[in-house]
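Engineer: Listed below are the residues making up each chain.
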Amino acid sequence: MAPAPATAPAEGPARPAAGGRDWGPPPRRRPARPSRLPKLGDDVSPSTRWALRALSVAVPLVVWVVLSASGAVDDTFLPSPAAVARAGADMARSGELFSDTASSVRRVGLGFLIAVAISVPLGFAMGSMSWAQALLEPVIGLLRYMPASAFIPLLIIWLGLGESSKIALLVIGVVFFNTLMTADVVRRIPRDLLEVSATLGARQHEIARKVILPYALPGMIDAMRVNAAAAWNFVVVAELVAATSGLGYRITRAQRFLQTDKIFAVLVVIGVIGLVIDILLRVLRDQVGRWAP
Amino acid sequence: MSDTSQPAGGGFAGPTTQPGPFVQFGPAGATEPVGMRKSAGPPEPAAGPGAAGGALRLRGVGMDFRAGRRGRPRRGRGGAPGEASVPTLADIDLVVEPGEFVCIVGASGSGKSTLLRLVAGLLRPTAGEVTLDGGPVVGPGPERGLVCQTGALFPWRTAAANVAFGLELLPLSRADRSRRVAWLLREVGLEPYADRLPGQLSGGQRQRVAIARALACEPRVVLLDEPFGALDVQTKEDMQLFLRRVWADTGTTVLMVTHDVEEAVFLGQRVVVLASDPGRVVADIPVRLPDGRDLATRRDSAFLALRSEVEDLVRLHHRAHARRLAEAAG
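Note that the protein sequences, when read in sequence, are chains U and L. Numbers 0 to 292, taken from numbering that gives the first Met the number 0, label the letters of the first sequence in order. Numbers 0 to 329, taken from numbering that gives the first Met the number 0, label the letters of the second sequence in order.
Be aware that one or more of the hints could be misleading.
Stated by the list, open to error - Simulated crosslink set (SDA-like; lysine to any residue; CA at most 20 Å straight-line): (1) U:Lys209 / U:Glu136; (2) U:Lys209 / L:Trp155; (3) U:Lys209 / L:Ala159.
Derived by calculation from the structure, the hints in this document are not laboratory data.
Could you build all of it, start to finish, from the sequences and the hints given here?
Structural biologist: Laid out in structure tokens, this is it:
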């Protein structure tokens, strides 16, 4: 702010504007009322957090119970939680639940591993070398937007109805996203870390192994977590279309006999397994990335 | 950049002090050598530039970012409006003798960081050459340790593991390596923090780790790029005394870039002043202060006079640069 000249003309009733400004002071707002609600960015206490977490599961469950108990919806469309639990117990007793879960999990495991084995090196190269980025990003960016499920007919023509077509679908659904997400993580490494490593005598392959990889590892596991959910989706899709085992196959079977309670039971199992995978990967990430804020 | 002009000649009649003892930091006995050479005291101020066999020599060094790889102007790199339309650095001649502590000051835009990156080998000069012990500098290497303003520590490595990074790349036994790391951590006063991650260290501690890491491979010259620029004033003061002590203990050559003139005069045996448009050396001022510098040195009239002289010089060139930028902007 310039100092007021000695001969500043008085402007308005308030203080004379200084430095040739011919406007008054900006309008003031009344201060915000103090509020007891949590502010943006506030942390909640652990007890509140656990209470909210419990609510987030309990409320939908209660709505489900009330809906089915009130008789507003036909039992065929919305079975009661008790009926679903019974159906699940029946399937568990007959053993089909376990064998279906096992074959689905095996497919996810194999397909996801293949996808990771392809996408991590590709993404690493794209993130750390701009020529690889220029070479691969256009084609992967294009392939990513082709819905993996649309490949199912093609895959069945190419690979038949066996395991390979289902695993191929999983790989297609995961590999492009995971490549691009890995590349993004790798690219985020601060330049000064690379430079300082070079001044400490690190060769290119040593920088890749001892600097870029440990820096990017937590983010890469985060990307895998997101894409594991996608993989789990794709395996069910693949089994819905053509399979003789697996959780998706069990759903189509149940649909044929209008056994909605069975469908619900399988959905619950799918959700719980997905959650377990997510938690495992999150624990792994927190172990690997303990240094990251 | 400070705007408070200091009356030349030292308006403040500070006590003229005898060279005092080094102020010691960290645990007692921190200066005990274990695996590293140690000079008896601070090295003698070397003969002026031009002396034969200089450790680090820049001869006619120029850096023009507008030039392409083969010296031809690069297309599509017109630069931002107001950006200097001249080389970043032109015709830099500089010799740093072994064991010398040289500070480079200059206002922003004088290319002082670029100069340091050229010496580090992170950039190749577009003119002239940089040599170390007679050999040309062609890329980054452990004989020229670098410490930058942020420290650039590896956030997943503990303090000790950060210090060990350069040594891990060398054929050294594990025992040898850990002995060296332990000495360095003791030297920088971080022994109790050896197992802390960078995120658990204060800004000053992080810079100490960065300095120890750069020293681990016993470089011919340590390059410091505004190493204390992000620290608060009190920490900065501690770190300056600490750096003088480490320099005396290790006998290493130090080339430090800073915009803090007081810091440059307090730390350096020579202060090199850069001006902008293009970045060039306008003064190379020997600091004739006793080698045992302590806080009283800062109140010494000779110190104050020198500081004012350098400040005036830097301010003069800073204002000239600002004026040129304003003219270029229209």
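Engineer: Tell me, which hint numbers fail for this structure?
Structural biologist: Violated hint: only 1; rest satisfied.
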